[in-house]
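Peer 1: Take the sequences, apply the hints, and build the full model.
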Amino acid sequence: MDARADRSPQSRWDRGWLLAPYPAAAVAALITVLQRPAPPALALTLGLSALVAGWHWWMVTAHPQWPERRAAPMALYFTVQLGLAWVLYVREPVYVVLLAACYPTAFVTLPGRSAYAGVLATSAALALPSALAADWWASPGPLATACGSTVLVCAVGGALRAVESEARRRRLAYDELAAAHARLSELARHNEGLQERLLDRAREAGVLTERTRMARELHDTLAQGLAGILTHLEAADGHVPPGHPAHGHVGVARRTARENLAEARRWMLALRPAPLDGGTLAETIGVVAERWAADNGARATVTATGTPVRLRPDAEETILRAAQEALANVARHARARRVRVTLSFMDDVVALDVLDDGVGFDPDAPPGPSGHGGFGLSAMRHRVTRVAGTLTVESAPGRGTALSVTVPALRPEQEGERE
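For the sequence shown, our numbering assigns the number 1 to the initial residue and increments by one for each residue that follows.
Accuracy of the hints is not assured; some may be wrong.
To be verified - Restraint ranges, calculated between C-beta atoms of paired labels, are given here: (1) Arg197 / Thr303: 55 to 63 Å; (2) His63 / Arg169: 25 to 33 Å; (3) Arg169 / Pro73: 24 to 32 Å; (4) Ala205 / Ala396: 38 to 46 Å; (5) Leu76 / Ala159: 23 to 31 Å; (6) Ala235 / Thr305: 31 to 39 Å; (7) Arg197 / Ala162: 48 to 56 Å; (8) Ala124 / Leu51: 44 to 52 Å; (9) Ala180 / Ala50: 50 to 58 Å; (10) Ala124 / Pro73: 21 to 29 Å; (11) Glu186 / Arg69: 30 to 38 Å; (12) His247 / Pro363: 38 to 46 Å; (13) Glu186 / Arg161: 16 to 24 Å; (14) Arg332 / Asp220: 23 to 31 Å.
It is worth saying that the hints were derived from the structure and are not from the lab. Ideal placement from N, C-alpha and C gives every residue a C-beta, glycine not left out.
Peer 2: Here it is as structure tokens:
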């Protein structure tokens with residue numbers, strides 16, 4: 001028998017033997033009817049047969065969890081079943097088939113060694129009528145048959161129990177092996193997820209390192225060169241007489257240098273990693289807004305609500321970059337006088353809202369990257385999506401613009417628990 005195919009409380013063999021009393025009682029009753037005994041005797045015999053079948057149904061068929069598991073109910077069942085079968089056997093010898101059915105029934109209902117006691121009791125019941133005869137020593141055949149049956153049934157029953165025990169042990173071992181394989185598969189999937197996250201972190205670290213290098217190079221070359229050119233142009237402008245043809249050209253050059261220096265500084269700000277080492281996210285956004293207001297001659301207010309907490313580095317950087325890009329867009333396109341920045345810490349999300357009173361725009365045709373630098377709303381939305389966040393923009397021509405960014409409030413220690 002395949003241990004994997006048998007998952008029921010009892011083996012198919014056991015369930016087959018548990019049905020044996022039904023056909024045995026039916027065949028014996030049919031033969032008894034064909035013999036046409038006296039009606040009162042026939043009625044009593046058939047009534048006892050029905051009682052045997054009903055008793056077996058209630059104690060075994062209706063309670064399949066009892067055989068070989070509940071010692072007391074099964075001992076009561078077997079005692080009554082054997083007694084009724086013996087009474088029928090004494091009344092009608094044809095019921096020997098019902099009494100013989102108690103042999104396998106003992107092994108599939110009685111637990112442990114009590115099954116062997118049931119076999120001995122069955123053999124004794126078979127031999128008792130012959131032993132009570134006055135000349136039993138003259139024909140010892142029934143007694144010898146009972147003894148031989150006892151030995152044979154005990155040997156076969158013990159062997160079957162050993163096979164079932166081995167099958168059960170193998171089934172348990174297979175289940176444990178399957179469970180261990182499932183755990184290993186889960187660990188393998190978990191490790192693959194960890195490796196992917198580590199690779200993502202390594203890539204992000206490489207990107208941040210390269211962006212920092214580029215910002216440093218821009219500062220040391222382009223920004224410094226433009227600042228030097230602007231200084232020389234301002235000095236030269238003081239030596240050019242008013243009305244001189246070169247005066248206008250110097251003014252244009254000064255204005256162009258100043259605008260390009262401002263754009264270079266915006267690019268450096270966008271390329272630098274999030275400067276959160278010295279303060280919280282709300283404090284850093286406040287510093288960024290203060291510098292932006294000073295550079296652009298506008299008024300910027302920053303408000304934080306809820307309990308500020310330190311978030312995952314990528315989430316904090318995303319919110320800070322969104323604030324920087326939103327303020328840069330206001331400076332480039334909105335021509336706003338006032339900007340209100342709100343940072344809200346809620347139970348499961350952190351929200352950034354940037355509201356300005358500028359000229360607004362048509363949401364169906366938002367401003368994108370321009371020749372003056374910046375990343376545009378598309379790049380900002382892509383960055384927010386990478387941290388499972390959302391970005392929404394509400395605007396209308398002449399009505400200002402409201403930008404909202406939300407990211408999951410997953411703290412660093414919570415990320416470790418999730419992993």
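Peer 1: Now tell me if each hint is right for this structure.
Peer 2: Hint by hint, here is what the structure shows:
Here the CB-CB span from Arg197 to Thr303 is close to 34 Å, at odds with the stated 55 to 63 Å. Distance hint check: the CB atoms of His63 and Arg169 are about 26 Å apart, consistent with the given range 25 to 33 Å. In this structure the hint that Arg169 and Pro73 lie 24 to 32 Å apart at CB holds, the actual value being about 26 Å. About 41 Å separates the C-beta atoms of Ala205 and Ala396, a value consistent with the hinted range of 38 to 46 Å.
Between Leu76 and Ala159 the CB atoms are about 28 Å apart, so this pair conforms to the stated range of 23 to 31 Å. For the pair Ala235 and Thr305, the supplied restraint of 31 to 39 Å is violated, since their beta-carbon distance comes to about 49 Å. The given range of 48 to 56 Å is respected by Arg197 and Ala162, whose C-beta atoms sit roughly 52 Å from each other. Between Ala124 and Leu51, the C-beta spacing of about 22 Å breaks the proposed range 44 to 52 Å.
Roughly 52 Å separates the CB atoms of Ala180 and Ala50, a value that falls within the hinted 50 to 58 Å. The supplied range of 21 to 29 Å is met by Ala124 and Pro73, whose beta-carbon atoms lie about 22 Å from each other. A hinted range of 30 to 38 Å for the beta carbons of Glu186 and Arg69 is consistent with their spacing of about 34 Å. Taking 38 to 46 Å as the suggested C-beta distance range, the pair His247 and Pro363 conforms, at roughly 45 Å.
Between Glu186 and Arg161 the beta carbon distance is about 37 Å. The supplied range of 16 to 24 Å is therefore violated. At roughly 25 Å, the beta-carbon separation of Arg332 and Asp220 lies within the given 23 to 31 Å, and the hint holds.
The structure shown violates the earlier hints numbered 1, 6, 8 and 13.
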